[in-house]
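Visitor: So the chains spell out like this:
2 protein chains.
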Amino acid sequence: MSDACGGTTDETDSTETETETTTCGASADATGADSASACGGASDDTKEKVEATVDDFDADPGRLVAVGLGPGHAEGMTARAKSSLADADHIVGYTTYIDLIPDEITEEADELYDTPMCGEVSRTEEAIDRALAGNDVAIVGSGDPNVYALAGLALEILESKGATASAVDFEVVPGVPAAQSCGARLGAPLVNDSVSVSLSDHLTPMDEIESRLHAVAGEGFTITVYNPWSRKRRENWETACEILREHRADDTPVGIVHGAGRDDEEIEITTLGELESYGETDLVDMTTTVVVGNEETYVWDGRMVTPRGYETKYDY
Amino acid sequence: MSDACGGTTDETDSTETETETTTCGASADATGADSASACGGASDDTKEKVEATVDDFDADPGRLVAVGLGPGHAEGMTARAKSSLADADHIVGYTTYIDLIPDEITEEADELYDTPMCGEVSRTEEAIDRALAGNDVAIVGSGDPNVYALAGLALEILESKGATASAVDFEVVPGVPAAQSCGARLGAPLVNDSVSVSLSDHLTPMDEIESRLHAVAGEGFTITVYNPWSRKRRENWETACEILREHRADDTPVGIVHGAGRDDEEIEITTLGELESYGETDLVDMTTTVVVGNEETYVWDGRMVTPRGYETKYDY
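First to last, the protein sequences are chains A and B.
Start counting the first sequence at 1; every next residue gets the next number (the numbering used here).
Start counting the second sequence at 317; every next residue gets the next number (the numbering used here).
Looking at chain A on its own, in the form it has when it is part of the complex (with noise of 0.2 Å):
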């Protein structure tokens, strides 16, 4: 859920101001409906989690598919995320997300169940038992669901309850990443070898973001930075910026996209030198991207290229 320009969330960097799970953790306070309802199975509502197992649902389990939504317009969905959603009873996603879908497809659907940005734990476990329940159900996420995102949580969950992924004949619906996204609205700057990382330091420890950074920094990778700052988290900002300074020259082109595709989309290229000081502009927050070139990338007509090589091989 945290993987598309635009809409890249990291919905764990919400829980920071949260405890854990007691303030949004079960379905019912969340939306005010009565789970066990809308489920057809029982649960155990308590405020941690949600407790239904496999063996609290008597009938079939419907499927379960998680869909990536692309950058977060109907034009950059791909028709299979279309018509998975389209063949869901119930599509299960933060509000936001929901919201991206096209009218006609949601109309559709039995029931939407949709969240503000918490607890994505809670929706998941919503979403696997709605789908143990007997419902067809769809969870979605902008970008792709493999991509800082729900897939693999989702398979986590349905083992935790004593179910399997083929019970519920679990598929993933690829969509397309923020990195590629925004590289799109940037030029050409990804094209090699490249690696996507991201800051938000909620369920990865700092100081493994900060070894993985060295470690692409200062090889030839074009370098996709997801989550790159919250008010809470200026300082992992910083010290990526200062990572990035000690391997890479300070000319080296960096693009920056808020809001990918979006009326309010902002696009810049600027320098590693002066990337820091956007910290503190409306520019970078939550939903940015920023793409980092290698010392091979240069801007030209106000675009980055990075070229693949071609150049040392033919000529033209």
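FYI, nobody ran anything at the bench for these hints, they're computed from the structure.
These figures come from a predicted structure and were not determined experimentally.
One thing to keep in mind: the hints can contain errors.
Pairwise CB distance ranges, derived in the manner of DEER restraints [what the hints assert, rightly or not]: (1) Asp58(A) - Asp617(B): 17 to 25 Å; (2) Asp419(B) - Asp263(A): 34 to 42 Å; (3) Ala375(B) - Glu265(A): 50 to 58 Å; (4) Asp263(A) - Asp631(B): 38 to 46 Å.
A few chain B positions that, by computed beta-carbon distances, are all more than 10 Å from chain A [said to hold, decoys possible]: (5) Glu581; (6) Gly589; (7) Glu590.
For every residue, glycine included, the Cβ atom is placed at its ideal position computed from N, Cα and C.
Add chain B to chain A, keeping to what the hints say.
Guide: Frame of chain A, contents of chain B only:
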């Protein structure tokens, strides 16, 4: 043109069997068509390169768009990719990719310019010449245009012709890359910080590739390997496997996807210790994508799962 599951072909590899551009560099040689009449402008059909520059064309330029087709079937294309192709007068690409486009779209184009696997440089030059001649042109590739693909080359060639990206309203239409298409077939192997590395050393020296592999294998990245094997590059595969094993346990899960989404699709989840032996099987060739787990990755119910870290903070 080398980033779709099942269509993952690094076209530069094919040129290993040919001198650089002398056998298929010029458009006329490749298709038998007279590139001058096709372009509408004068062009110098030397065997080494197409030398037409922006001054050779009288017309106002048309548009040039680089379109990512995704994994290789119509349902994997975004709506925007389809509409961009429908809007194009000329669609240019490697024959296999042109064949991926639904008939109802290709039938609307004035011209399709497709060539077999060779000379993506000349094909891209041809596409640009046609745009400079006043046609709206779409160049296509599998996956995403920013992933081991043609977006950067198009910008480089535009510049070499004395044109600008703005003059042809150059745009990149992103698509789902092979890492995510194949990741989806494997379950949830990517999830966190992830890297793509190509083992094709046609344009990138092998010692740089090795250095990059060392750097990322020693960190917690999940690793997608593109262009893993060809008859001429067996050594690269062997070397890559050795490097990975230096840093990661032999029981690290590795997913191999050949022909994702196609009738001949084959998927296998194996371990790092076993990986090298697959090099001599039909499963691993230039159209294969290999996804290497990190130390957290495990296999459950036939799927690769890389936890994001929720289990360290949440109870489920």
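Visitor: Does each hint hold? Answer for all of them.
Guide: Each hint, compared with the structure:
{"no.": "1", "hint": "Asp58(A) - Asp617(B): 17 to 25 Å", "in the structure": "holds (22 Å)"}
{"no.": "2", "hint": "Asp419(B) - Asp263(A): 34 to 42 Å", "in the structure": "holds (35 Å)"}
{"no.": "3", "hint": "Ala375(B) - Glu265(A): 50 to 58 Å", "in the structure": "violated (31 Å)"}
{"no.": "4", "hint": "Asp263(A) - Asp631(B): 38 to 46 Å", "in the structure": "holds (40 Å)"}
{"no.": "5", "hint": "Glu581", "in the structure": "holds (14 Å)"}
{"no.": "6", "hint": "Gly589", "in the structure": "holds (23 Å)"}
{"no.": "7", "hint": "Glu590", "in the structure": "holds (23 Å)"}
In this structure, the one hint that does not hold is number 3.
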